[in-house]
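> One-letter residues, chain by chain:
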Amino acid sequence: MSDATLPPLPLTVIAGYLGSGKTTLINKLLADAGGRRIMVLVNDFGELAIDAELIAARGGDTISLSNGCVCCAIGGDLFQAFAKALDASPRPDHLVIEASGVAEPDRIANFARAEPELRLDLIVTLVDALNARTQADDPLIGRTLHQQFQSAGLLLITKDQLAGQEQATGLASWLSTLCPETPILRGEMDLEILLGPETNPPPSVDQKHPHDHDHSHEDMYERWSFSAPLAPDVEALRVVLENLPTGILRLKGVANSTPEPVEFHTAGRHINITPAPGVTTHGLRVVAIGLAGNLPTDELAARFETLATSA
Amino acid sequence: MSGIKIFNARKIITMDVNRPEATHVAVRGGRILAVGNKAEASSWGEAEIDTRYADQVIMPGFVEGHAHIVAGGIWKYVYTGFHDRMKPDGKSVKAMTTIEDVLAHLTSEERKLEDPDVPLVGWGFDPIFLEGRRLDRHHLDQISATRPIAVLHSNFHLLTANTPALALAQYTKGTNVEGVVLEKDGSPNGELQEMAAMFPILRRLKVDFSDLSKDPEGVRAYGDVARLCGVTTVTDLFAELDDEEVSQLEQITAEPEFPVRLVPALNALGGPAAEIADRALALRPRSTAKLRLGIVKLMTDGAIQGYTAQLKEPHYFKGPNNGIWNIAPEQLHETVALLHSKGIHMHIHVNGDRASEVALDAMEHALAKHPRGDHRHTLQHVQLADRAQFRRMASLGLCANLFANHIYYFGDKHYELTIGPDRANRMDACANALDLGVPLAVHSDAPVTPMAPLFTAWCAVNRQTASGRVLGPNQCISVAEALRAITLGAAYTLKMDGEIGSIECGKRADFAVLGSDPLAGNPRELKDVPVVATVLDGEPTA
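First to last, the sequence lines map onto chains A and B. Following my numbering from start to finish, the first sequence increments by one per residue and tops out at 311. Following my numbering from start to finish, the second sequence increments by one per residue and tops out at 542.
By construction, these hints were calculated from the structure, which means they are not laboratory data. Treat the hints with care, since some could be wrong.
Capping the alpha-carbon separation at 20 Å, the derived lysine to aspartate or glutamate pairs in EDC-like fashion look like this [as the list claims (entries may be wrong)]:
1. A:Lys-84 with B:Asp-101
2. A:Lys-84 with B:Asp-211
3. B:Lys-206 with A:Asp-87
4. A:Lys-84 with B:Glu-245
One-sided and incomplete, this derived list gives chain B residues near chain A with beta-carbon spacing under 8 Å [claimed, not checked]:
5. Glu-178
6. Ala-196
7. Ala-197
8. Trp-325
Source: prediction; values computed, not measured. By construction, the Cβ of each residue, glycine as well, lies at the ideal position given by its N, Cα and C atoms.
Construct the complete structure from the given sequences, taking the supplied hints into account.
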C-alpha cells in the first residue's frame, strides 16, 4: 500500500470514440509535459509516437521517459491499473487514462470519485468533427457516444480543420444543446487546460488591487487571478463554484478555511474541493483560465470579492 | 505385465454411437484399448482387473467449457452462499438459507482468526434468495466492531462491508459516491455496488482477483473443484498468460496429482489483435497432454442481470438500458478477421442478442475474406440468440456454449425484471441449437455459478428456475442430449473431441464415475446423481 498521507492523485480521463484523436493528444502530452511527472495509461502502445531519445527505459508493459513521465498499458483491467498507479513510487503528479473508444468514461472516473487517494480532475471527451454526428445516430454505438458527451467536463472538437468551419460550428452548436453546461473547445487543447494550472496562484503583492489579468499562450488563453486575506467558509465557496459564470475552462485555488484548509479545482463542469492539510498561507487564492476574450473576469471578480468579504 | 488394466462397472455410458453401453473398459498407457463386455475388453491380452467401480456407472469425464480459475483461489475466503457447496478439500459447506445462518457461519470463522488486523472476507452471498432485511453493515458489526469485514456477493459486482472496513475507505456520513448505498440519515449502509465503489475496500483488504487466479494454491484448488464434480477437462476462459503464469501452469499441470486437463484462453483485450495472434500462436506449441494453449477469448457486451448486455429492440423489460461494449463493433470485425486469418481458434463472449448479431456479422465478414473449414469458433453464453441467429450460427459453422445455469439462478429475475416473459422463455435455447445443427455445449461460468456439469445438464433438461417456474418448455432437451453437451459437445468446442469426450478405442481414458445411472433415473433428479470419482489417463485421481 502506498503512502496515504500524500495529496490525492489527480486523474484526467481522455475519452472519445475510435479515431477522435486521443492518441494524438497523448503523444503531444508526453512530448511536452512541462516538467510534470505524468503517468499515462493507454490501451495500446503500438500507436504511441514517442521520440526514441525520450525513452529512458522499457519494461514489459511500461515505458519510462527521460522527462519523468511513465506510460503503461492498461491490459483491460482497471483494478490492476489503478492499483499500479497508486503503488508507483514515487507517485506521479498526475494520472491520465486513455479510455477505450467504447468506454463509458464515468465508469473509469467513478474509481477516482470513490478512492480517497485519487481525485477526479477532468473527463475530456474528444469529438471527431468529421464523423461524430453519424456515429451518434448509429444504433450500435450511438448510446455510447452520447454517454461520452454527457459525462464530459470539457468537450474538445477535433479534426475541425479537416471538416471545415461550417461543419465544426454546426457540431459545436449541436453539442451545446446536448450538453448546455459543458465548455466546448476546438482543435487544440493546452496542457494547462488538460491537467490544470501547474502552480498555485501567487499571493497578490498589492492587496488594494487583488486582481491580476494576463494573456498567454500566444493570446489563445486568458488568465485571471485573485487573492484575499481571509478564507471563506467551505460551504459558501462550494456555492460560488457550483454557480460560476460560463467561459471558465479551468479554475484552481486554495483557501485556508475552517474547519480545514482546502484546495479546489474546476475543470469545465467538474468541481472538486479537497482537504489540503499542507496549506499554511492565509486567506484565499484563485486562478482561472479561459479562451481569450471569453473569460468573464468582471463577473469572477465580483463573485470572489463578495465571497472574500463575507468571510 | 502387459500394463493393461480393465475397469468394470455396473454400466458404462460411452457417448460412442457404435457402442453406447458397455460394462468393461480396458486401458493401457493412459489410452482406451477396448470397450465392451468382459470378453471383448479382455481381448488385448492379460490384464489386471480393477473392480473398485464395479457397482458404479462410468461416463466420459465431463468437460467444463466455460469457467474461471479464480473459482479455486476464491476458497481462500469464507463461502456464504444459499446453496450447499463443496470445498476443494471435499468437505461440504452447508447452505446458508437465512441471514442468521450467514452471520453465524461468519462469526465462527471470525473466531478462528488470531491476528486482530486480518480482515474477514466472505464470498458467494446471494441476497435474492434470502427473506427479511437486506444484509448491511449493522449485521456485520455484530460479528466484529473492530475487524474489517467484507462479504462479496455471488455476482462479484456487489459487496457488503462492516463499519471498520467502510472507515478504511473513508466512506462516512456525507459520502456521495455512485455505488455507495446510503441509509436514511446519509451514512453508508455498507453495500457497495460495482468495482469503482468496491475498489477502495478491496485494495485495502488486499483482495485481488488477478492474484487469486495466479496463486499456485488457487490453481491446485481449481483442479480439485473440477475433480469433485466429475470434470476431467476444464477451461479458464479469460487468462492473461504472461510468461511467468504459463511457466507456473506448466509446472502445476505436470504434477501427477493435478487431476484435470486445463485449457486457458488468452484474453484478447490485453493488446492489439496482431500481438494477441502472435502470442496465441507462440503459446500453442507449448501445449502438453494436461495443458492446452492457443485458444483466445474475446469479450463483446456485459451481463443481462447487470443491464449491461447489448439487447436489440425492445431492449430491457423493466430497468435502464446500460448496455456496454468491451470492444467497438467495428474493431471486433477487424480483430475477428485478423485472428481468423491467422488460424486462431476464438471463443467470443456474447450475452445479449445485439452482441450475438454483431459477432455473427464479424464472423460472416471474416469467413468471406478468409474461407476456412472447421474453425470451431464458439459463441459463449449466447443467452438471448433467437432462432434466426442459431440458423446463422449453423451456416457459419459456429458452435454455441450456452449458459444453462442462468435459467435456475437468474431465470426468475429475467422473467420478471430484465427481459420479460417472451425472451426469458427462449433464453439459453438448447433445443434451437440442436434442431438447427449448431454444435452445443453448456456451462457454469464458475465461480459465477457453481461448477457441476450434472447440475448444468439438469438445467438444460428441466429449465426450472429457483422459484420452480419452467422457462420455455419447448427448449428443454433430453437427458442423453444434455449428457452429450457436457462431454463430447464441450470437447468439440475445444477441438479435443478426437481425444476426449467419449469412451472409445484410442481415446484418453478420462472418466467420471457416478453413483447412479443418469439415463435410467428421473430427469428431475439428474442434478442429484452423485459423483464418486474421476479417472484421468487411466489413473484414479484421488
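> Are the hints correct? Go through all of them and say.
Going down the list of hints, with the structure as the test:
1. Only pairs whose Cα atoms come within 20 Å are accepted, and Lys-84 of chain A paired with Asp-101 of chain B is rejected, the gap being roughly 38 Å.
2. The straight-line distance between the Cα atoms of Lys-84 of chain A and Asp-211 of chain B is roughly 13 Å, inside the 20 Å bound, and the hint therefore holds.
3. Restraint check: the Cα-Cα separation between Lys-206 of chain B and Asp-87 of chain A comes to about 13 Å, which is no more than 20 Å; the hinted pair holds.
4. At roughly 19 Å between alpha-carbon atoms, Lys-84 of chain A and Glu-245 of chain B fall within 20 Å of each other, so this suggested pair holds.
5. At its closest, the beta carbon of Glu-178 of chain B sits 5 Å from a beta carbon of chain A; the interface hint therefore holds under the 8 Å criterion.
6. Taken as an interface hint, Ala-196 of chain B checks out: its beta carbon lies about 3 Å from the nearest beta carbon of chain A, inside 8 Å.
7. At its closest, the beta carbon of Ala-197 of chain B sits 5 Å from a beta carbon of chain A; the interface hint therefore holds under the 8 Å criterion.
8. With 8 Å as the threshold, the beta carbon of Trp-325 of chain B comes within range of chain A, its nearest partner Cβ sitting at about 4 Å, so the hint holds.
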